[in-house]
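Guided by the hints, dock chain B onto chain A, whose structure is given.
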Amino acid sequence: MAVLLIAETHGADLATDATAKALSAAKAMGEVTVLVAGQGIDGAADAAAKLDGVAKVLKADDAAYAHGLAEPLADLVVSLASGYSHIVAPATASAKNVMPRVAALLDVMVISDVSAVVDADTFERPIYAGNAMQTVKSSDATKVVTVRTSTFDAAGEGGSASVETAAGAGDKGLSAWVEDKVAESDRPELTSAKIVVSGGRGVGSEADFKIIEALADKLGAAVGASRAAVDSGFAPNDWQVGQTGKVVAPELYIAAGISGAIQHLAGMKDSKIIVAINKDEEAPIFQVADYGLVADLFDAVPELTEKL
Amino acid sequence: MKVLVPVKRVIDYNVKARVKADGSGVDLANVKMSMNPFDEIAVEEAIRLKEKGAVEEIVVVSIGVKQAQETLRTALAMGADRAILVVAADDVHTDIEPLAVAKILAKVVEEEAPKMVILGKQAIDNDMNATGQMLAALLGWGQATFASEVVVEGEAAKVTREVDGGLQTIEVKLPAIVTTDLRLNEPRYASLPNIMKAKKKPLEEKTADDYGVDVTPRLSVVKTEEPQGRSAGIKVGSVDELVAKLKEAGVV
Numbered sequence: 000m001a002v003l004l005i006a007e008t009h010g011a012d013l014a015t016d017a018t019a020k021a022l023s024a025a026k027a028m029g030e031v032t033v034l035v036a037g038q039g040i041d042g043a044a045d046a047a048a049k050l051d052g053v054a055k056v057l058k059a060d061d062a063a064y065a066h067g068l069a070e071p072l073a074d075l076v077v078s079l080a081s082g083y084s085h086i087v088a089p090a091t092a093s094a095k096n097v098m099p100r101v102a103a104l105l106d107v108m109v110i111s112d113v114s115a116v117v118d119a120d121t122f123e124r125p126i127y128a129g130n131a132m133q134t135v136k137s138s139d140a141t142k143v144v145t146v147r148t149s150t151f152d153a154a155g156e157g158g159s160a161s162v163e164t165a166a167g168a169g170d171k172g173l174s175a176w177v178e179d180k181v182a183e184s185d186r187p188e189l190t191s192a193k194i195v196v197s198g199g200r201g202v203g204s205e206a207d208f209k210i211i212e213a214l215a216d217k218l219g220a221a222v223g224a225s226r227a228a229v230d231s232g233f234a235p236n237d238w239q240v241g242q243t244g245k246v247v248a249p250e251l252y253i254a255a256g257i258s259g260a261i262q263h264l265a266g267m268k269d270s271k272i273i274v275a276i277n278k279d280e281e282a283p284i285f286q287v288a289d290y291g292l293v294a295d296l297f298d299a300v301p302e303l304t305e306k307l
Numbered sequence: 000m001k002v003l004v005p006v007k008r009v010i011d012y013n014v015k016a017r018v019k020a021d022g023s024g025v026d027l028a029n030v031k032m033s034m035n036p037f038d039e040i041a042v043e044e045a046i047r048l049k050e051k052g053a054v055e056e057i058v059v060v061s062i063g064v065k066q067a068q069e070t071l072r073t074a075l076a077m078g079a080d081r082a083i084l085v086v087a088a089d090d091v092h093t094d095i096e097p098l099a100v101a102k103i104l105a106k107v108v109e110e111e112a113p114k115m116v117i118l119g120k121q122a123i124d125n126d127m128n129a130t131g132q133m134l135a136a137l138l139g140w141g142q143a144t145f146a147s148e149v150v151v152e153g154e155a156a157k158v159t160r161e162v163d164g165g166l167q168t169i170e171v172k173l174p175a176i177v178t179t180d181l182r183l184n185e186p187r188y189a190s191l192p193n194i195m196k197a198k199k200k201p202l203e204e205k206t207a208d209d210y211g212v213d214v215t216p217r218l219s220v221v222k223t224e225e226p227q228g229r230s231a232g233i234k235v236g237s238v239d240e241l242v243a244k245l246k247e248a249g250v251v
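Chains as they are written, first to last, in numbering that gives the first Met the number 0: chain A, 0 to 307; chain B, 0 to 251.
Quick caveat, the hints were computed from the structure, so don't treat them as lab data. This one's a predicted model, so the numbers in the text were calculated from it and none came from an experiment. Just so you know, not all the hints are guaranteed correct.
Heads up, incomplete: computed chain A residues facing chain B, CB under 8 Å, no partners named [as the list claims (entries may be wrong)]:
#, residue
1, 112
2, 186
3, 236
4, 283
5, 287
If you want the footprint, here are the derived chain A segments under chain B, 3+ residues with CB under 8 Å [what the hints assert, rightly or not]:
#, stretch
6, 22-35
7, 42-56
8, 238-247
All C-beta atoms, glycine included, are put in the ideal place defined by N, C-alpha and C.
With the rest of the complex left out, here is chain B:
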């Protein structure tokens, strides 16, 4: 079967986000950008399914600015077979909302006809946790979100999900949407030869207009602020002093 893996270019996990002076968002100019960590897990899962023989082809797709091409090359270097870039914005600060992303992805799914779409459960920039569920809704497919284990069994997938009380296992009919949680796998690093090979893998470029999707945001940003700081308290010298302070504060 074919698997589609959408990937997002976001601020690197190790870079501290800084709010822009005008309050419109977070400063992304000249900031190191990488693949959203949850999407790396999605790419890795697709590759592992391919290595197990359950998947024949992995197509990666990214929707955003032209620079997302680098993110797609990373996915190709990890082991994806080909890539589709959908340019939907010129400014690196434009975040395409999950609803619009899901609408574009639904069109890509119509063309590519994958049996499964594996996505990160959320992007570490807007933290919305929505695209996978929205895509499932638009396609009328079943969804298995926050996955920590995926087993393909014929025309269904058995997926273990991280839920509030522990783990839940469900069986979802294919085609289906799977979104990844942290414990699904540990993504591999691309080797240098694979990075070189990835440069020759096909990367098709499209625009949001090609799919006839309006990407106008539904949510307008009123302001963006630094979170309220919390000031450091005091250091205590011993457990006895700590116990005394906690009793004084009336919390024990």
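Excised from the complex, chain A in its bound form:
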């Protein structure tokens, strides 16, 4: 079995954590070739070659791949697909955009958000916002899979794969990049952070989210938010933790003012230790919390920030 793993990139850099976690899943399916596509990505390709268990790196360096536009990227992946039994990527926003397009071009189903690899044809994935886990067996010739990174450990370094150049597949110009509005932050990335501090509707306003951020900064943590907090405009969309946002599994997850809707729990219940701070002692978040504190977050969170 030969696997083509699509590396995740941030600009010209390799998104090492997401790629290395998807690599762990991909290794269970066969021998892994990593595709790094982007512009000016020599460094990213070299970083991918150092990951443990990578047999080969293909580098596609072209302006067409600089912003992750789905159409040229899918055409590139399809042009390289023959000879691979599996095409795999971490289930990031960019891969979720591209991989179903790849699958349809190959006339196969995509298998999204895989949480476990049972065997080379059989995969487990959450459905109904994590209310059920379903195991499915694919009858397709090529398996196109995205991997839920929070359930796999990152592969280590120590590899020394060769890097080859892959020819581009052109750009039909169906879409064009205009701009990115990406918040610059010194905080760790949400999906790879060791600690995440999240706020919910109970925080009440964008201004009051500062107390969540202060605790996060004290702990060197990433900041998350519930869907309710994002919908209310208290927090930006890229902070959303949940089935339709980001799925995280840090060592420590602190939920403040979050009631614990199933949609949110689906995005964080694999965290090692969960702390819930909520003034409503009936809040469902307490049913999954290791340590629950029934308190007003406006008192408890600043006190916690001070005492940690």
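Same frame as chain A, now just chain B:
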């Protein structure tokens, strides 16, 4: 221009899904069903584009069991102009895979020739997040997924997308596929007079065979299980006690 909006009948957002005893899936018999919430956002966006004068006609289409007619009536009551029901299954538990749905939709697009197809980014049942991208692939169209803002400008649409690091804006040539994210809009409720009017709007009924599409699934279900439970821990009485517990656990 004409806009096509595919809608899916799914378990109501507020109903807790329960796994069937035989592990074949989730029990949907006698369960409240509604329009997939992301598809409501898609219908709403089409209506808003029509209200702005960018769209002349909104056609909604649903693929599934006969009961999906109710979902189409809801979309008509919100403001869609006409509906197409493609019956592709008899049992409410049969989920037509995104690939087969996309193939049927591609045929509908051939007939209807819309300038834009707006779909929900994912359905809250199978959570696959695939149909829009697959349809774009089959049609050879551009795609703007996970949209939080859509502006039609002549022969292109400027779409702001929710991505991992924040927001990305792209310009996609029409005809194109747009899939909706949560922050695109807040869908309206249908008023009673509009619900009555919707009953008179045209609803055409077709089958998957009419389009010559094989809906045989590519993925077979091996088993469906309840997720591993996580048991509740302890309540702590104070911030001091919480700090002590976290230090004991070695996480701070």
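Taking the hints in turn, this is what the structure says about them:
Because the beta carbon of residue 112 of chain A sits about 7 Å from the nearest beta carbon in chain B, less than 8 Å, this interface hint is met. Against a cut-off of 8 Å between C-beta atoms, the interface hint on residue 186 of chain A is violated, since the closest Cβ of chain B lies about 12 Å away. For the restraint placing residue 236 of chain A at the interface with chain B, the shortest Cβ-Cβ distance is roughly 5 Å, inside the 8 Å limit, so the hint holds. Restraint check, residue 283 of chain A versus chain B: the minimum CB separation of about 10 Å is more than 8 Å; hint violated.
For residue 287 of chain A, the interface hint holds, the least distance from its beta-carbon to any beta-carbon of chain B being 5 Å, beneath 8 Å. Under the rule that three or more residues need a Cβ within less than 8 Å of chain B, the assignment of the stretch 22-35 of chain A is violated, with 0 such residues. Beta-carbon proximity to chain B at under 8 Å applies to 0 residues in the stretch 42-56 of chain A; the threshold of 3 is not reached and the given coverage is violated. Residues of the stretch 238-247 of chain A lying with their CB closer than 8 Å to a CB of chain B number 3, which satisfies the three-residue condition for coverage.
Hint compliance for this structure: hints 2, 4, 6 and 7 are broken, all remaining hints hold.
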